[in-house]
Each structure stands twice: as C-alpha cells, then as structure tokens.
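Novice: Residue numbers (my numbering), protein chains in the order written: chain B, 481 to 786; chain F, 19 to 269.
Please note that a few of the clues may not be correct.
[As the list claims (entries may be wrong)] Every beta carbon over 12 Å from chain F, so not counted as near; a handful from chain B, in silico: (1) Asp622; (2) Glu669; (3) Arg711; (4) Thr726; (5) Val731; (6) Val771.
[Unchecked claim] Lysine-lysine pairs mimicking PhoX-like chemistry, simulated, CA-CA at most 25 Å apart: (7) Lys208(F) to Lys673(B); (8) Lys20(F) to Lys712(B); (9) Lys576(B) to Lys539(B); (10) Lys576(B) to Lys507(B); (11) Lys576(B) to Lys748(B); (12) Lys673(B) to Lys539(B).
[Said to hold, decoys possible] Okay, the calculated bits of chain B under chain F, using three or more residues with CB under 8 Å as the criterion: (13) 568-578; (14) 603-613.
Hints in this document: simulated from the structure, not taken from any laboratory.
All C-beta atoms in this analysis are idealised placements derived from N, C-alpha and C, irrespective of residue type, glycine included.
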Amino acid sequence: MIYELTRDDMEKLYQRISQEYETFGAKEELGEVIFSRISSFSEVSEEKSSYSPKDFLIKRSENILEVPRADKKAVFGVKSCDLRGFQIMDLQILNKDPFYTVRRENTIFVNFVCNEMCNGGFCTSFGGPVLDRYDIQVLHRDGKYFVQADDRYERFLTGFKISQDQNVFSRHSQEFLQRYGKIDLNGIEKRMKWNSKLWSEFASYCISCGACNYSCPTCYCIDVYDDETGRKKEWDSCILEGFTRTAAGNVRPELSDRLRQRFYHKFKYYKLSKGEYLCTGCNRCVDDCPVDIDIKEVITHDYDKE
Amino acid sequence: MKPIKFRMETDDTYTMVFSKKTDSHAGQFYMLSVDGVGESPISVASGFCNPLTFSIKAVGSVTRYIMEHRDAEIGLRGPYGNVWPWKGSDHIVAIAGGIGIPPIKALIEDMESEGNLHDLTVLYGARSPRDIVYRNEIEAWKKKLDFRVTVDSGDSSWNGHVGVVTTLIPGVDEFRKGRAFVIGPPIMMKFSVQELLKNGFSPENIYLSLERRMECGIGVCGHCNLGQWYVCESGPIFRYSDVMNEPELFL
Ligand SMILES: Cc1cc2nc3c(=O)[nH]c(=O)nc-3n(C[C@H](O)[C@H](O)[C@H](O)COP(=O)(O)OP(=O)(O)OC[C@H]3O[C@@H](n4cnc5c(N)ncnc54)[C@H](O)[C@@H]3O)c2cc1C
Ligand code: SF4
Ligand code: SF4
Ligand code: FES
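Produce the entire structure from the sequences given, and follow the hints as far as they go.
Specialist: Here's what the structure looks like:
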C-alpha cells in the first residue's frame, strides 16, 4: 500500500517510530552529510550522506568477545543504493555474523528515493533507485511524500491517507531510467578476463589505501585479530597485501591480483554464488578513490578487443 | 580448555590431546584461539568420539604461542567445514605432504572404527626423517593398513623410500577407480593431481583439502575465497573437477 503524507504527517510518522526506536538521520553538519542522532524529521537531509550507513550494522571496529546488543534504531534518509548494499550483504552474512544479524533485525532503515542521479552514480544498472524491498521507503515528489512500508512496519502508516496513485513508485522508476539511462552490464560476469590489462593498469596508479572498500556499502570483509583489550573485528580491505597472507605464502602477492579479486568478487563470484552483483552503483568507491579508479570502466571495458 | 597431553612430534610440530571427545568427522577443522594472541584454523587429527586431538606446526603468532605456553587456556570453536567423502568409494588413496597429515590421521581413525581400513592406502611425504610426524602411530598403522612413507631427502638413519611424495603415486595405479584425497602445500597438491591424472584417476574422484587465510571459519570475514567459494564454508575439501578451472587453485 502506498500512502501519501504531508510534511506534518512525516513528522507524525517520525514521532510514532521514535517511541519505539532510537532515531538517527542523515544530517548536514559542517558541510558534510553524516548520520547522527535526530529529534525531529525536519533535521533529516535529503542529500546523499558523505559516507554509507554501513557502520550501523558493521562497526568500523569492535570487540567481539562482548555479546551483541539488540538496540532498536531507526535511520532516516538512507539512500536506496546504500540500503540495497545491506540487502545484498544479507545473502552472505545474515544469520552468520551475530553482530550484523542482531543489528539488522533491530534497525529500521527509512530510505529516500532520489529524484536526480547523483554525480557519477549508476544505480539504474542495478534496478535503482526505487527498491522492491525496503523497511520504509519514501519518495518526495511533487510536494508530497509517498511512503510504503514492509509488512513488519505497515502499522506505522495506519491512519495516513492512502495515495490515489498506487503506481507512483514504478512510474518514478521508469521516468528515472528514461532520464538517466543505464550502463549495460551485459553479462559482465562472463566478459571479464583474468589476464586483462585493466588490472595491471589500475595497479600502476592505485596506492593501496583501501578507501574503495571502506566506502562501499556492499564490502563486508572484516579483519579479526586480538590485542590487549580483546578480540576485535574491524573493516578490512582486499586491496591490502596482508589480506590473504598466510604463514605458508600469499595467494595474491601482486596489487593487480588484489584489484582483480575486488572486481571479480563484485561482478562474478557473488553473481555465481548468490545471484546478485555485489555492487549497487552508488559510485562511492569512485568518489573516494584518490587516484580516480572508476569501477564503471570495469563494466564498459571491451575485453574482447585486448 | 587445556590439553591433557602435549607431545613434541618434531622440533617445531606438536600434538595436543584434550579430554573432550571428538564431535567432528575427518576433514573438519576447529578455530583454536588464545586470548590476546589470536585464532587459527586447525584440522581435527582424531576420529569421531576419540579424545580431541590437534597436531600443529609452529609457524606464527598463535601456533608458536601455544607451543611455548603449554598450560595456556585454549579457546575452541567448531567443528567447521566438510568431511573426506570416503563412504561409498571402492578404495581411498590419501596423499599427505608435510603438516597435511593430521586430517589423514583422523581419516584412519574414522575408517578404522567402521572396519574399513583395508580400503585405505596412505602416502605420506615429509621433508626429511626429522620432519616425520606421528612416528609411533606410523609403526602401528603400517601393521593395520597400507601406509607408505617417503622423505624428500634421507639421512644415515633412514632406510625407507626417498623422493617427493608424487613418486609414490605410480605404485598405487591399481586403485585408479577409487578416490584420491590430497592435502599438503600447493605445489605438492598440484603435482600430485598431475600424477594422479597420469595414472588414470579421474578428476571427479580427486579431492583436495585447501588452505587459505581464515579469520572466522563461518563465511563472514571474506578472507578465504577460492573463486566463488569460501573455503571455510564450502570446503576445506573440494572435488578437483569442480574447481579445476580456478586460476588461484594451486597458489
Ligand atoms: C582448514 C585448515 C586446516 C589447517 N589445519 C592445520 C593443522 O592441522 N595443523 C597445522 O599446523 N596447521 C594447520 N593449518 C594452517 C594453520 O591454520 C596456520 O599455520 C595458522 O593459522 C598460522 O597461525 P599463526 O597465528 O601461528 O600465524 P600468523 O602468520 O601469525 O597468522 C596470523 C593469522 O593469520 C591467519 N593465518 C595465517 N596463516 C594461515 C594459514 N596457513 N591458513 C589459514 N589461516 C592462516 C590466521 O587467522 C592466523 O591467526 C590449517 C589451515 C586451514 C585453512
Ligand atoms: S559503486 Fe563502488 S562503492 Fe558503490 S556499491 Fe559498487 S563497488 Fe561499492
Ligand atoms: S580507493 Fe583507489 S587507490 Fe585506494 S585502494 Fe581503492 S582503488 Fe586503490
Ligand atoms: S574464514 Fe572467514 S570467510 Fe572463510
């Protein structure tokens, strides 16, 4: 069911949710849009956050000898691409990582559907920006807020006006696609070549900072290690040399091996094992790469011509 | 948990036995940990229901710490991973190189408890006589099953076979219709597979136990992939014909 809410209604919706959940939102602070505590809907920015909300479910670093806590949180103003990141990660780590799982189950993401394609974004290639699965999905368009909720959260919407236009999301999706087009993935999982020059070319300027992984809403790899204060899990990066190093050797000693792994994981391995690409087209990895490596080139590259 | 027995096998390899009964089957592994030091995947070296045993080569922080602190409290998580598919096969040829031998010890014990030892041949290659693990057990095994040992290079005390373990493979070609299980360093596995194929074993009947950096053992940390698979989750044992086209297989 799609509801049509006014700005005041959105505030009421916020109030209803905030009675049960601790509320967070994308918020403009010192020129950046970051997620922090909010006390009203009016504080929520509709701009894309500077960082993905990954940290809500996978902490940058935490002690895993502690018991996962089931804190109820609602996060407003997540972009669809970032929410989709969690949905894709779910396929691998939900019900396996106890910390991710308990947080996933106790967090509501209220995603905002974009009206314009963000700079460099290519979410249309992965079916965005309108999602077919969501907790609470909001489209702010023509001065109105169109809202739909998953069955679990439909109760928050009871009493609000039911929209006359029950196709507004799918129409928006079509219009968006028409306006921005999409990069044709064109069976990328079959097109990429193991020995492509692309990997060594990228390696010639990549500085192994790992920013691409940290910014990515689908990168879930973690480093598990011990220190004086306990056993930690921390965001890891497959670009770093130690990622596969063992006492016996290293499967991917060269940077080009590791870059290839990143793209193969995103566009081939995950597709084969889980049926989805491990990418939502958010472009964060491109925005954050200090040497402008563009993942879109991996998709558009003509491997047969090499 | 603390081991009830601790024995040095070689200068750098030791065996620990716990009072807990083995609740895994041959091929599976545990994550062993020491608080403040770290966690490591280690194969179970004992058969189902026998006292839980591990044999470990000291190579890095965790494995060395345990050797140097024999009364350390050891954390155990598991068992994880799949098992050697020995049931329903004619004959098994298990080929182990170096510290690949512990899960073959588990295999011997599992097959023994079901009365199947006559269906097993083990080829074990160590670098030198000093590097042979399970010296005592090997003497007993030789009486119970077809167990063949070789060393890469011998010394004055050695009057057994000398040569890398692959040189023993032509001698087991009569079992080519059975299954081969291979575990050891990547190079050893690569040449063993080549030799097995040359001697008439089929890719569908060759199984490899792979070693990858593992940090979680449960498909969460992302470190141990071979192509589309996480070795901790879908392995550590893979059928060669399923993974033969993976460029990173023998790395
Ligand atoms: C399924 C499996 C079964 C194994 N069984 C045995 C066994 O029975 N006996 C034995 O001696 N060794 C075994 N190994 C190898 C053993 O796990 C490593 O030697 C050990 O993890 C090294 O840890 P460390 O802390 O001493 O070394 P460091 O180099 O200090 O390692 C730091 C961390 O890296 C990871 N790591 C490093 N090397 C390896 C490696 N080779 N494989 C996986 N993770 C690694 C671990 O998380 C480790 O804690 C097995 C490996 C796997 C994957
Ligand atoms: S565009 Fe980059 S950051 Fe965004 S999901 Fe894809 S790989 Fe991750
Ligand atoms: S962000 Fe760019 S430079 Fe940094 S590791 Fe990723 S690809 Fe390399
Ligand atoms: S060890 Fe973490 S995914 Fe396999």
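Novice: With reference to the structure, classify each hint as holding or not holding.
Specialist: We went through each hint and held it up to the structure:
No Cβ of chain F approaches the Cβ of Asp622(B) within 12 Å, the least distance being about 43 Å, so the stated non-interface status holds. Distance check on Glu669(B): its Cβ comes as close as 10 Å (rounded) to a Cβ of chain F, failing to clear the 12 Å threshold; non-interface status is violated. At roughly 7 Å from the closest C-beta of chain F, the C-beta of Arg711(B) falls inside 12 Å, breaking its exclusion from the interface. Listed as a non-interface residue, Thr726(B) fails to keep its Cβ farther than 12 Å from every Cβ of chain F; the least gap is roughly 5 Å.
Annotated as non-interface, Val731(B) brings its C-beta within 12 Å of a C-beta of chain F; the closest such distance is 4 Å. Residue-level check passed: Val771(B) sits 24 Å from the nearest beta carbon of chain F, beyond 12 Å. A threshold of 25 Å between alpha carbons decides the hint, and for Lys208(F) with Lys673(B) the separation of about 23 Å falls inside it, so the pair holds. Between Lys20(F) and Lys712(B), the direct Cα distance comes to roughly 23 Å. Compliance with the 25 Å bound is thereby established for this hinted pair.
In summary, the hint linking Lys576(B) to Lys539(B) is supported, as the alpha carbons are separated by about 16 Å, within the 25 Å threshold. With a C-alpha separation of about 32 Å, the suggested pairing of Lys576(B) with Lys507(B) is violated against the 25 Å cut-off. Simply put, Lys576(B) and Lys748(B) have alpha-carbon atoms about 22 Å apart, close enough for the 25 Å limit, and the pair holds. The suggested pairing of Lys673(B) with Lys539(B) is violated, with an alpha-carbon distance near 34 Å, which exceeds 25 Å.
Counting residues of the stretch 568-578 of chain B whose CB falls under 8 Å from any CB of chain F gives 4; the rule of at least 3 is met. Only residues whose beta carbon comes within less than 8 Å of a beta carbon in chain F count, and the stretch 603-613 of chain B has 0; fewer than three means the coverage is violated.
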